[in-house]
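Visitor: Please model the complete structure; the sequences and the hints are all you need to start from.
Protein chains: 4
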Amino acid sequence: MKIAYLGLGIMGSGMVGNLLQAGHSVTVWNRTPDRCTPWVEKGATQANTPAQAVANAEIVMYCLSNEEAIADTVFGEDGILSGVHQGQIAIDMSTVHPNTSRREAVAYAEKGIEFIDAPVFGSKNESAAGGLWIVVGGKKEVFEKVKPILEPLSETIHYMGETGMGATMKLVGNAVVISQIEALGEAMILAKKAGLNPQDVLDVLHVTDFKSPIFDGMGSTLVKRDFSTSFALKWLLKDANLIAQLAQDNNSPIPAIALARETVKAAVNHGWSEENASAAIKALELQAGIEIK
Amino acid sequence: MKIAYLGLGIMGSGMVGNLLQAGHSVTVWNRTPDRCTPWVEKGATQANTPAQAVANAEIVMYCLSNEEAIADTVFGEDGILSGVHQGQIAIDMSTVHPNTSRREAVAYAEKGIEFIDAPVFGSKNESAAGGLWIVVGGKKEVFEKVKPILEPLSETIHYMGETGMGATMKLVGNAVVISQIEALGEAMILAKKAGLNPQDVLDVLHVTDFKSPIFDGMGSTLVKRDFSTSFALKWLLKDANLIAQLAQDNNSPIPAIALARETVKAAVNHGWSEENASAAIKALELQAGIEIK
Amino acid sequence: MKIAYLGLGIMGSGMVGNLLQAGHSVTVWNRTPDRCTPWVEKGATQANTPAQAVANAEIVMYCLSNEEAIADTVFGEDGILSGVHQGQIAIDMSTVHPNTSRREAVAYAEKGIEFIDAPVFGSKNESAAGGLWIVVGGKKEVFEKVKPILEPLSETIHYMGETGMGATMKLVGNAVVISQIEALGEAMILAKKAGLNPQDVLDVLHVTDFKSPIFDGMGSTLVKRDFSTSFALKWLLKDANLIAQLAQDNNSPIPAIALARETVKAAVNHGWSEENASAAIKALELQAGIEIK
Amino acid sequence: MKIAYLGLGIMGSGMVGNLLQAGHSVTVWNRTPDRCTPWVEKGATQANTPAQAVANAEIVMYCLSNEEAIADTVFGEDGILSGVHQGQIAIDMSTVHPNTSRREAVAYAEKGIEFIDAPVFGSKNESAAGGLWIVVGGKKEVFEKVKPILEPLSETIHYMGETGMGATMKLVGNAVVISQIEALGEAMILAKKAGLNPQDVLDVLHVTDFKSPIFDGMGSTLVKRDFSTSFALKWLLKDANLIAQLAQDNNSPIPAIALARETVKAAVNHGWSEENASAAIKALELQAGIEIK
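Residue numbers (UniProt numbering), protein chains in the order written: chain A, 1 to 293; chain Y, 1 to 293; chain B, 1 to 293; chain L, 1 to 293.
The hints are simulated quantities; they were obtained by calculation from the structure and are not laboratory data.
Hints are supplied without guarantee of correctness; some may be wrong.
For identical chains, the list gives no copy identity; a pair is met inside one copy or between any two copies.
[What the hints assert, rightly or not] In the EDC-like style, the derived pairs of lysine to aspartate or glutamate whose C-alpha atoms are separated by at most 20 Å in a straight line are:
1. K147 with D200
2. K139 with E77
3. K42 with D72
4. K124 with D209
5. K224 with E285
6. K140 with D200
7. K139 with D200
8. K238 with D249
9. K147 with D203
10. K140 with D203
11. K238 with E41
12. K234 with D249
13. K293 with D78
14. K140 with D78
Guide: The structure is reproduced here in structure tokens:
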């Protein structure tokens, strides 16, 4: 199919690779154009503006960094909405507030375009390997139509309900992620202070019934003091802020998740925005006066 | 080998079954004696007092409910220490503060007895199936001696270091457990309030890179409103209190774990002590004004 | 002077009374018009729309409930901005986000009107008695001009800096208020559970160097189980949400204040929105399983 | 009267001065003896051991630093209990867990000695000026007997109930203190980050209905970056730990107070134990990346 893909960050790049490999004809656009080059070399077409990118596509997909990028790229001048036409389907794979998804759906509907919100779980490796977990909101029949396109990108695809429910599920999931980063940090610090060897602790966390892949992944880089970015701390803060907003909208008490947001704030204040999300644990280490290694 | 096993709660019972099946000669004791009956029927010998139980054993094992039970059964009148003799090895599988393990080690050493602390992760099912995860503190050579006895009880065995390090690892692990229960509760409440179907959310939590067996296990019973006890809430509170003490001893900041303890307190105040640990989430639901189902 | 006063809630009513008593000519407007009647009887003129209210005023003052009310009454159809003219001074005494104050300032400036944000501390009694504490943002010289009008309303007036700094100070102050309500609740519950008589505890809190008028005021009504409204719980939640937003804007970690917001959420979920802000403590009591009395 | 006073820290020294001035005959003892010298010069008699100090006293008073000091000085070799005799009255003014008070009462009763727990609020200045606030537990008639001795030390004296209720009230009060330090820190940081001048904020906190002397006192030294000790951070941590224990004993949820303890831990980990309790706020500043000044 003819697919436009906008936004070639860590996540988008992996997806474009898998769309090309699946045989689709892909037109790409990115705010900093040179990120398009490797995909053009693999057969993608490069567009100069979002509007141009989507002009001839059957499917419009994008994974943008935040609400501001949506405002620019979707709603802005030469944005997606100024280039689309009836009959297309738009798929927003960004992590945004569900109200943003709802605003997009309304705007697309006015142009006769179907829309689903389809954010993804997983980071760099899963995106490259086509092993994402996709959560979808929107009309069921539209979801069924685009499912074959999403399949080569993902390990599982979950239909969550009406427009915004994909975005909602993404934020709920990341609320768990933030909690687990906080838990890992606090527990590893306690372990170290109480005399345990951090790697031995990770070996235990690798097997018990409260194990989690995130403990394996972040734990192993943590003890090596490797904070190279797979999912940047600044995006964790962005998500923490969206989660707080969602909880506020629904008056949902989230004491521990709210607290974990404050830890992420501290880590950002320390200047670690561009490091991996696990750098949040360094803010906890500072309070403890030790390093986990 | 001749093994004395004291304490036939949910955990101890499972272990005795596997020790018998492994061909050991097992003498059992329990505070309420009738819990011994099923194991006597399967070939165990019943003792009337802890002292009597350990008199002829090569290995003395016990899994007791808390510090008070250790005080009575190990240090009390007709307790284990009054019946042991040189050359035996004692294995405390209870979840206690590492200082308790250290006091036990000293008391046993005075009688020429080796001691290891070897608490276990897993609950009812893992104990019955011989699938526990055991974490061990004490002399390495003593650990090596008893390892063959522990193997039929467990999926993995982890040597963590000197006396008390098994107990320490157990508390660190349960700190993660408490965090995960809080995270599951807060996230599921937010999901429900924001319009998601709880079972659909669990299906997502089942596959992502932040999945955890505890989310599967507790999640599925939660949505069925099944709080039948696998690991009682009162023991979660006991453990939360021990974790807080360990963190105090080491001046280790544990903000989110400390907060989760307050949730468990609330659930206990609501009268759910004997229900499953997942009943902590009901305290969160009360604050949210909804039920996850 | 000719003053328009819009918004006759608990706070606005008290201020109008004191403006009339100070000899000003006051035109009033309120969304539900019958709240104007008592003031008309005391000499105020009633307007049918915000625009009409401000038409002939020298000074335009208002104390509105939230951002939505500002959107309607200031920016909306027949709103203040549609009725004002060059040379007037507008004073927003509402508790709003400082960015709202800044938007107002810009909109007024376009019409040649000066603006200050001047929210107030104190509640029902202080407003009626002219004993408010007013915190002001805006141009210093404009502040000096309106100061004589604010004096009969207040015990003290504080100039905090440029536009938005009054609103910012209000939120910072209410962050302290929320913390103190949480502290009072947690401490009184602990006292009661540990066997102290609540009134005896309040007597101590009345004299020490950590005493506070809020402990006296809320404490005495709390032990009488009197939650009649002086400052409604729903406004406490509104303010908690604004504080969280301000902290997010500035990436300022506020762990305990964030946590207190979750308590207020819980109390609102229990249906106590219209009760006094001290009803937040009832959410804590529920977790404790006791009542402070 | 003949009074023995043991423990000449900041608090004890002030009290001894006022007892001498009230005309009592005072025998003093301190672990580091040279702290007795200034009081000997003012007429006190110095004893070599606790037992010797109390031998001829009618009233035995002490203000010791923690549970360990009580264990040594009251229960230890040559301790108070080894020197007392029937008919004396003992007054423990230390901040300890109420169970410690209860153990003392029992031990004294066995020797025919009456006991009250009478810890004090206030710090250096209040102690020196005879302006403490004393909270008393024990038999009412014993309290009435010693009241005239306590009056020159204090502004108010509060009878709280049976043995241990003075100690309980002290911990409840300090729970409020810890909450207020956390609140002051978080609010001042938010204020500073949002552009307010810290001193202007303190001026507002000085007058509103949520003002508190602690905000005036700590606030003014905070903005001067003066952390010279009036009440040492290490004692704040000690008290926070005792409060957590009291809350655990009573299964009383104290989420925000628990959280404030974690802040104090962090400050101690940064090496500020001997500075003033307000140094806890420096731990919050580190997370915020700014200083309040």
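Visitor: Should K238 paired with D249 be assigned to within, between, both, or neither, using CA atoms and 20 Å as the limit?
Guide: Result: close both inside a copy and across copies, 17 Å intra and 11 Å inter.
Visitor: Between K140 and D78, at a C-alpha cutoff of 20 Å, which is it: within one copy, between copies, both, or neither?
Guide: Cα proximity of K140 and D78: none, with 30 Å in one copy and 44 Å across.
Visitor: Can you tell me if K140 and D200 fall within 20 Å by alpha carbon in one copy, between copies, both or neither?
Guide: Classified as between; 15 Å across copies, 47 Å inside a copy.
Visitor: Tell me, please, which holds for K147 and D203 at an alpha-carbon limit of 20 Å: within, between, both or neither?
Guide: Close across copies (18 Å), not inside one copy (38 Å); limit 20 Å.
Visitor: Have a look at K140 and D203 and pick one of within, between, both or neither, based on CA distance no larger than 20 Å.
Guide: Cα proximity of K140 and D203: across copies only (18 Å, versus 43 Å in one copy).
Visitor: Treating 20 Å as the Cα threshold, decide for K42 and D72: within, between, both or neither.
Guide: The answer is neither: 27 Å in one copy and 54 Å across copies each exceed 20 Å.
Visitor: Could you figure out if K139 and E77 sit no more than 20 Å apart (CA to CA) within one copy, between two copies, both or neither?
Guide: neither (28 Å within a copy, 36 Å between copies)
Visitor: Please sort K147 with D200 into within, between, both or neither, judging by C-alpha distance up to 20 Å.
Guide: Result: close only across copies, 17 Å inter versus 42 Å intra.
Visitor: Evaluate K293 and D78 at a C-alpha cut-off of 20 Å and name the case that applies: within, between, both or neither.
Guide: For K293 and D78, the Cα distance exceeds 20 Å both inside one copy (50 Å) and across copies (45 Å).
Visitor: For K124 vs D209, is the C-alpha pair at or below 20 Å within one copy, between two copies, both, or neither?
Guide: Intra 26 Å, inter 12 Å, cutoff 20 Å: inter-copy only.
Visitor: At most 20 Å between alpha carbons: which applies to K238 and E41, within, between, both or neither?
Guide: Result: close neither inside a copy nor across copies, 33 Å intra and 53 Å inter.
Visitor: Could you figure out if K139 and D200 sit no more than 20 Å apart (CA to CA) within one copy, between two copies, both or neither?
Guide: between (48 Å within a copy, 16 Å between copies)
In summary, the numbered hints that this structure violates are 2, 3, 11, 13 and 14.
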